[in-house]
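> As a plain string of letters, each chain reads:
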Amino acid sequence: MRSFDDTVREALGGPLTAADVAILQLNIGYVCNLRCKHCHLSAGPDRGERMSLEVMDEALRAVSRYGIRTVDITGGAPELNPYLRHLVAGARAAGSHVIVRTNLTVLLEPAMADLPEFYRDQGVEVVASLPHVVGASVDRVRGGGTFEKSLSVLRRLNSLGYGKEGTGLVLNLVYNPPGAILPGPQRELEDRYRRELAARGIVFDGLFAFANMALGRFREFLVRSRGLESYLAQVRRAFNAATLEGLMCRHLVSVRWDGTLFDCDFNQVPGLPVDEACPRHITAFDPGRLARRRIVTDEHCFVCTAGAGTS
Amino acid sequence: MADYYNSDDLERFGEVGKHKPELFRKFMDWYQASLEAGALTKREKALIGLGVAHAIQCPYCIDAFTRECIAEGMDMEHITEAVHTASAVRGGAALIHGLQAGNTAEKILL
Ligand code: SF4
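From first to last, the protein sequence lines are chains A and B. Under the numbering used here, the first sequence has 163 at position 163, and the numbering climbs by one with no breaks. Under the numbering used here, the second sequence has 1021 at position 21, and the numbering climbs by one with no breaks.
Here chain B stands alone, though its shape is the one from the complex (with noise of 0.2 Å):
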């Protein structure tokens, strides 16, 4: 895994720019507007960010909100409430799958 996820990498996040600088900048820029507090406070979107991060499983991401987080104020009892929110949407949008594994049996089972 080392290869592959090294956590150096966070901070070189800009060189992903090099090649399409006005690309990179478009989407530092939408990232950046979409954090900033609007009519969702930057705590409400730290959360969000850490809860979509255990969701997709991004090991920067989860660095990056778990500090935004503690920036807040949060501790290691809301950090865990979240992530166990992301997980448990996670859990429940594999399990009505379910219905769709239903779906095909009926329609090809005698």
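Isolated chain A, as found in the complex (with noise of 0.2 Å):
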């Protein structure tokens, strides 16, 4: 069967490569109050690996030293690293557009009860997972009573102004396909969403409409069903060259919680940081050889390419 790299030597006649580095993707724990079924990294609250102090000081330092334009904040779910809010403020210090990836729920824990009022004075973007619109999906995914649980979140940062024209807060919701098949149009997506979610009061920004990565629990799952050839077929029958320009790999680079770099979220998972040519940690960043790197890709990087594309 032929590789990924093989497939995309053919589309762009030579291997994937960075384009610049305009994003600092920062995983700052596996940590999570949910245990989401299709969850790439099989986070969950048992997960002890985090970000400490010291490995985010070494990343602001990047970020102030060399302008990073966008600090994009994931996990896990970002807000149980207890230094999440030192991270966003020094990055906006910098002078970076900051995004905060989350599950929503775990904004009605009470330790997190001032951290809506917080991002919205910070102007951090939010890119929220909702993964679908029908609850009883959503709740199957990841655990009974979360939908109802994001929709109140969802409410609470419209009421800031989040995902409100003219008030510059941005809300951007993630869908996710409720099992082994691939998303739909974005598009149609999009107004499901707009429409459904309207009737229950809630605005947003926009959709992204991401793939579930052939990894982490979701690959468990994937095995246990026998469906991962399957899947993994559907996905390759899908493979759409057009994605490669805009592939999230070419843009950024992703730093695990202990401060190692990766091409993205996904490589974390086998393990697989950035060619070797290139310093491998925060404390060696330098964003001349990385914007030039190859970038490190497997049979999981079919799931990027796929369709519309997920990345």
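Warning: the hint list may mix true and false statements.
Quick list of the computed label-pair ranges, beta carbon to beta carbon [claimed, not checked]: (1) 110(A) with 1034(B): 50 to 58 Å; (2) 1044(B) with 69(A): 38 to 46 Å; (3) 205(A) with 1044(B): 26 to 34 Å; (4) 270(A) with 1007(B): 22 to 30 Å.
A few chain A residues facing chain B, derived, Cβ under 7 Å [stated by the list, open to error]: (5) 132; (6) 134; (7) 137; (8) 178; (9) 179; (10) 181.
Source of the hints: derived by calculation from the structure; they are not laboratory data. Don't be surprised by glycine CBs; every beta carbon is placed ideally from N, CA and C.
Assembly of the complex is requested from the two constituent chains, each provided in isolation within its own frame, with the hints serving as guidance.
Following this line, the structure appears as structure tokens:
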């Protein structure tokens, strides 16, 4: 079977390489209040990996030294890292646009009571995962009651101005298919989300439709259900060369909780750091070299290039 | 059965168009337009497709429309109800022909 690398070479006439380092993505820990069935990181309450203040400060130094335009903070549930506010404030002070990825429900925890106001005051862009607009579907993947909790947090964010025109407070949502199928057209999904959430008094800016990555807990499910092979065949068949240009790995560097550098968050799972020709730790961050690096790819990359693309 | 029904063939549907591409194109245009949301939502159409798939017992259509129903956020409860509806209509359709049997019998019995 043809490797991802060979498929890319055929389409581009060469290997996949980075275009720039516009975004520094920081995965600040694998701990999460939920244990979603599609999580590629197998995040959950039992995970202990968490970015230390030292690593975070190294990342902030790199951000301000090299004028990184966007800092994209993810997890796990990044809110469960006690230094999140320090990181957000530091990145904003360095002049970066800051994105925080959230599962929404974590914001209902008592310690997070004023976090939405903090996000608003810092002008943080919120990217919230809401895998479906059918409640039963969300609860099945993320746990009972999750959908209604998520909606209550979305209403709270709306009440602060998030997702509303003219406020500049951006609220984007993320859809994931409820199983071993690829997402339908993003446009249609977005229209449906807009219609059905509006009926429940919720507005948002845009929707991203992400395919489920065949790694971590979702991969375990595929193996258990004997669907791994057919899922991988499905994503291979859906290969679309037009997605190569915009792959996230071409525009970002992903920092693991311990400071190791990756081409993307997904590559953290099989433990594939950036090409060995580059420094591989945030303490030696070098955007000049990273912007020209070869991307380290594997079979799971086909998920990113399926259909309209995922990253 | 393996020789007649092969799940990989679902993805090879396009090959049916090899010898009459213009007819296949017409079918595909019509098929796709029929399944787009209109007065009925995509969800409603997915359920109709699933029901018909079971009534005609087409394994390819059952596979495709089950996926469609799941993408639309439905689960086995919805799917099973749709299958019962299709089966009930099918059962009723067989049953009402009992009247024909009755009519015939009436005609020929002494
Ligand atoms: S998995 Fe990572 S490296 Fe592979 S294509 Fe996707 S973003 Fe790029």
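> Hint by hint, say whether it matches the structure.
The hints, checked one at a time:
The beta-carbon spacing between residue 110(A) and residue 1034(B), approximately 52 Å, falls within the hinted interval of 50 to 58 Å. At about 45 Å, the beta-carbon gap between residue 1044(B) and residue 69(A) stays in the expected band of 38 to 46 Å. Separated by about 29 Å at the C-beta atoms, residue 205(A) and residue 1044(B) satisfy the suggested range of 26 to 34 Å. Distance hint check for residue 270(A) and residue 1007(B): the Cβ-Cβ separation is about 29 Å, which falls inside the suggested range of 22 to 30 Å.
A cut of 7 Å between beta carbons decides the hint on residue 132(A): the least distance to chain B is about 5 Å, and the hint holds. Interface restraint check: residue 134(A) against chain B, minimum CB-CB distance 3 Å, threshold 7 Å, status holds. Because the beta carbon of residue 137(A) sits about 4 Å from the nearest beta carbon in chain B, less than 7 Å, this interface hint is met. At about 6 Å, the closest approach between the beta carbon of residue 178(A) and any beta carbon in chain B falls short of 7 Å, and the interface hint on this residue holds.
Satisfaction of the interface hint for residue 179(A) is found here, the shortest Cβ-Cβ separation to chain B being roughly 6 Å, below the 7 Å cut-off. Nearest Cβ of chain B to the Cβ of residue 181(A): about 5 Å, under the 7 Å cut. The hint holds.
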